[in-house]
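Asks: Chain by chain, the residues run as shown.
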Amino acid sequence: MSKKRISRRRFLVRGGLGTMGILAVGTYLFRNPIRRGIAGVINKGETPYMGNTSSPIIWFEVTSENNIVLHSPKVEMGQGTFTSLAQIAADELEVSMGQMKVVHANSDSGNLDGFATGGSTSVSSLWVPLRELAATMREMIKNKAADKMEVSSEQLSIANGVVSGGGKTMSYAEVVQDVSEWDVPDTPVLKDIKDYKFVGKPIPRVDLKDKVFGAPIFGMDATLPNMLYGAVVRSSTIGAKYVDADISKAEGMPGVIKVIQEPDFVGVVAKSFIEAENAKMAIKVNWKVERNWQTSDIEAMIAVGKGVPFVIQKEGDAEDLLSDGANIISYEYKSPIGAHAQLEPNGALAHVEWDKATIIMSTQVVKITRGEIAKRLELDEEKVNIVPTFLGGGFGRRLHTPNAIQAAVMSKAVGKPVKCYFTRKEEFQNDTFRPPTHHVLKAKLTENGMIEAMEHNVSSGDVAFGSPMVPAIAAPILGADVGAWRGGMIQYGAIPHFSTISWRVTLPFATSWWRSLGLLANTFAIESFMDELAIAAKKNPVEFRLSQIQEDDSGFRLKEVIKAVVEKSGYKDEVVNGRAMGFAASTDANTPCAQVVEVSIVDKEIKVHKVTCAMDPGIAVNPDQVRAQCEGAIIMGMSAAMFEKMDVEDGQLTPTIYGPYQMALMKNAPKEIDVVLLQHDDKPGAVGEPPLGPIGAAIANAVFRLSGQRLRNMPLKLS
Amino acid sequence: MKISFTINGESKSVEIADEKTPLLWVVRDILDLKGTKFGCGKAACGACTLHVDGEAIRSCTYAVKFAEGKELTTIEGLGDEQNPHPVQQAWIEEVVPQCGYCQPGFMMATAALLDKIPNPTDEDIDKNIINVCRCATYYRMRKAIHRAAELNAEVEPSTETQTS
Numbered sequence: 176m177s178k179k180r181i182s183r184r185r186f187l188v189r190g191g192l193g194t195m196g197i198l199a200v201g202t203y204l205f206r207n208p209i210r211r212g213i214a215g216v217i218n219k220g221e222t223p224y225m226g227n228t229s230s231p232i233i234w235f236e237v238t239s240e241n242n243i244v245l246h247s248p249k250v251e252m253g254q255g256t257f258t259s260l261a262q263i264a265a266d267e268l269e270v271s272m273g274q275m276k277v278v279h280a281n282s283d284s285g286n287l288d289g290f291a292t293g294g295s296t297s298v299s300s301l302w303v304p305l306r307e308l309a310a311t312m313r314e315m316i317k318n319k320a321a322d323k324m325e326v327s328s329e330q331l332s333i334a335n336g337v338v339s340g341g342g343k344t345m346s347y348a349e350v351v352q353d354v355s356e357w358d359v360p361d362t363p364v365l366k367d368i369k370d371y372k373f374v375g376k377p378i379p380r381v382d383l384k385d386k387v388f389g390a391p392i393f394g395m396d397a398t399l400p401n402m403l404y405g406a407v408v409r410s411s412t413i414g415a416k417y418v419d420a421d422i423s424k425a426e427g428m429p430g431v432i433k434v435i436q437e438p439d440f441v442g443v444v445a446k447s448f449i450e451a452e453n454a455k456m457a458i459k460v461n462w463k464v465e466r467n468w469q470t471s472d473i474e475a476m477i478a479v480g481k482g483v484p485f486v487i488q489k490e491g492d493a494e495d496l497l498s499d500g501a502n503i504i505s506y507e508y509k510s511p512i513g514a515h516a517q518l519e520p521n522g523a524l525a526h527v528e529w530d531k532a533t534i535i536m537s538t539q540v541v542k543i544t545r546g547e548i549a550k551r552l553e554l555d556e557e558k559v560n561i562v563p564t565f566l567g568g569g570f571g572r573r574l575h576t577p578n579a580i581q582a583a584v585m586s587k588a589v590g591k592p593v594k595c596y597f598t599r600k601e602e603f604q605n606d607t608f609r610p611p612t613h614h615v616l617k618a619k620l621t622e623n624g625m626i627e628a629m630e631h632n633v634s635s636g637d638v639a640f641g642s643p644m645v646p647a648i649a650a651p652i653l654g655a656d657v658g659a660w661r662g663g664m665i666q667y668g669a670i671p672h673f674s675t676i677s678w679r680v681t682l683p684f685a686t687s688w689w690r691s692l693g694l695l696a697n698t699f700a701i702e703s704f705m706d707e708l709a710i711a712a713k714k715n716p717v718e719f720r721l722s723q724i725q726e727d728d729s730g731f732r733l734k735e736v737i738k739a740v741v742e743k744s745g746y747k748d749e750v751v752n753g754r755a756m757g758f759a760a761s762t763d764a765n766t767p768c769a770q771v772v773e774v775s776i777v778d779k780e781i782k783v784h785k786v787t788c789a790m791d792p793g794i795a796v797n798p799d800q801v802r803a804q805c806e807g808a809i810i811m812g813m814s815a816a817m818f819e820k821m822d823v824e825d826g827q828l829t830p831t832i833y834g835p836y837q838m839a840l841m842k843n844a845p846k847e848i849d850v851v852l853l854q855h856d857d858k859p860g861a862v863g864e865p866p867l868g869p870i871g872a873a874i875a876n877a878v879f880r881l882s883g884q885r886l887r888n889m890p891l892k893l894s
Numbered sequence: 008m009k010i011s012f013t014i015n016g017e018s019k020s021v022e023i024a025d026e027k028t029p030l031l032w033v034v035r036d037i038l039d040l041k042g043t044k045f046g047c048g049k050a051a052c053g054a055c056t057l058h059v060d061g062e063a064i065r066s067c068t069y070a071v072k073f074a075e076g077k078e079l080t081t082i083e084g085l086g087d088e089q090n091p092h093p094v095q096q097a098w099i100e101e102v103v104p105q106c107g108y109c110q111p112g113f114m115m116a117t118a119a120l121l122d123k124i125p126n127p128t129d130e131d132i133d134k135n136i137i138n139v140c141r142c143a144t145y146y147r148m149r150k151a152i153h154r155a156a157e158l159n160a161e162v163e164p165s166t167e168t169q170t171s
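From first to last, the protein sequence lines stand for chains A and B.
Take 176 as the starting number for the first sequence in this note's numbering and just add one per residue.
Take 8 as the starting number for the second sequence in this note's numbering and just add one per residue.
Among these hints, one or two may not hold up.
[As the list claims (entries may be wrong)] A few chain B residues facing chain A, derived, Cβ under 8 Å:
| no. | residue |
| --- | --- |
| 1 | Leu38 |
| 2 | Lys41 |
| 3 | Gly42 |
| 4 | Tyr69 |
| 5 | Lys72 |
| 6 | Phe73 |
| 7 | Glu78 |
| 8 | Cys106 |
| 9 | Thr128 |
| 10 | Tyr146 |
| 11 | Met148 |
Hints are computed from structural coordinates only; laboratory data are not their basis.
Cβ atoms here follow ideal geometry from the backbone N, Cα and C, with glycine treated the same way.
Given only the sequences and the hints, what does the whole structure look like? Please build it.
Replies: What follows is the structure, encoded as structure tokens:
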């Protein structure tokens, strides 16, 4: 990424916000063609920040208490971004962590992210822009202090938001008081990373206390005066189209204010959540259903050879070498439909007044939601203010927000604020699922037991193509679904001939981004297959991999995490005291990650005792939170690999509740997780998703050593 | 009908049309205590866990009429920044929360567990802490539960605990 400097012309400052001091208003220009923008973000770890280019844009506020409020264009969904951004800003602004407050930028602030919060890009994409903005603001305040204090700026020093020099001191709050004209300097030289006091340190999360003491910070917690509750009738059947509804019974039910019929949905507004839900159940809807889908129909669609192929990786001529049939090793792997199952259901609190709308909600796509609401209500986008809240889990589920439109339509119909949320059953049935996949891997070994040629064919439902972030127009430009092939490319570049082919299938229900996109399933397939090849070659699975990694920067970083995890875990390819170790590695968005699991089998149940994880995300802005992401991703990945599965029965996606939708719980979580962080890059890279890659294959590889059973389908079940 | 109970040390009476209304919605939407969360509405995830007479219950399926005359505690009443409950203190020390949505339910379940089993083993934790956390913070939660047990033990048994 080019180090584009802040445009001086666009770094404006607006004076006087009541007694609050100033709003520093800046913009960071960066525009990319869609192809490079999206593909770069998803796959290479080159993560441009795609900020708004209109002004003004609010980034920082100085409060009268001499605190700094950072308006974050990225939302906090647990990944720890707020804390990392506060650390980065505090270091360049010369304030303490205690002085930093982070809030979600309302769309009214102009601080809008053109991409989304997702793809493990938040900290990496803001690393340069945020430091430049903070450093510029620090210099502006310092220069203004020099004027006010009548001391030359060279004599001034700054600590904890207080400017000192020539025997005088002045806080930032005092400096910015009553200032309306600001001189904006050229972007200052950024500090040396070794001089940072907060970046690189395990600072406690800035949202820790709110989350421990139960503060009302989530979308579901939002309230407005005179608020009512909405409920929308949703089909439980795949592909059902709304025709019409009999609302006569619902209209007279207790607490009902109004039943609202729209061309595409019917909903009810009532005085309480329960009254709205009860009335909803009394509405009889006619649905048009064209086909009664079953799991077998879906499995038949997701098959390599069906759909549209696209070659996404090709070195040498693997196809030709693997076509003659002799001495070819080939296995197939599968992954099921996965649900997001985030704890906070989707929904929104909408307040539509005659010429404007306010929407308070958990969303990963502030800008897209604003556009969708404006279109439906026929308002200018500037008249729609999206107020993002903390998210009760994101994982890609909040990249689609049609329920915000429904809340807005109902609010407009009753002239009061309306809060409308999914029930858990609706959440499971209307999810934007992780698509099922089918993988065919083929390879040929040399006489020395090295891979001569290898090919990965992957069939998947849409991931990025199902997302509003990738408009339909982009599909022909991009060719293959960048989300589906995330993690699908072969990372062993010293193999002479290798290729990857992605087969696109569009399923009858919504499929989309699920934390790490295709990485989980693709790594499960490739790294299970690598293990099978190592066994066929009679080689140690780690040595087998190391010998086929290319000599370049990404190859070096991958080898380093592999060596680190082996050393830390004491990896041995043997069964000791009923426990076996399993190994796997992946590279996702330029972050390599290797894991070793220790597994036993008791009564046909797979038990994961310990996971050792080595990862190189470059600079870990907050090493404790990088570790937390590894720990969480490992257990979430275990959950998906060992337990989770949605089925289609008589047109309905099922199960629709926790429990029957089996997930890893406390009892399944490993008692030991050991994380080793390496840093062979001079900038922060992807963190939140890469550690989901290796876990599935690592477990399957350990299970094979214990049981002799090679489990090639997720979820992993012993026979 | 009118239903009266004590919640977080305060006496409250609520007027409610349907006595079968889940306690969760009374707590969240009438008493405006938002720390107790809606996750599933079927007592399957534990996000709505609060205490009724010291017992952890899942309030999304607990009819409000059963709260009559009882003592209720929610996360807001467990402790505060000046006087955190040992479970909250342990959660802070171990930096447990990620998204944070399920955490009040886990902390309430843990506080009730420690009342019954002051020094739980890993097996006790596995058997009793059965809420759902999608961020999968279980590894740190387990450490925090053991830490909370330690913090509890540091409090003299004879002195009054300030956990109401």
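Asks: Taking the hints in turn, state whether each one holds.
Replies: Here is what the structure says about each hint:
1. Leu38: 12 Å, violated
2. Lys41: Where the cut-off is 8 Å and the nearest Cβ of chain A is about 4 Å from Lys41(B), the hint holds.
3. Gly42: 2 Å, holds
4. Tyr69: 13 Å, violated
5. Lys72: Hint on Lys72(B): violated, closest Cβ of chain A at ~14 Å, above 8 Å.
6. Phe73: Phe73(B) check fails; min Cβ-Cβ to chain A is 16 Å, beyond 8 Å.
7. Glu78: 18 Å, violated
8. Cys106: 3 Å, holds
9. Thr128: This interface hint is violated because 12 Å lies over the 8 Å limit.
10. Tyr146: 5 Å, holds
11. Met148: Check passed: Cβ of Met148(B) comes within 7 Å of chain A, closer than 8 Å.
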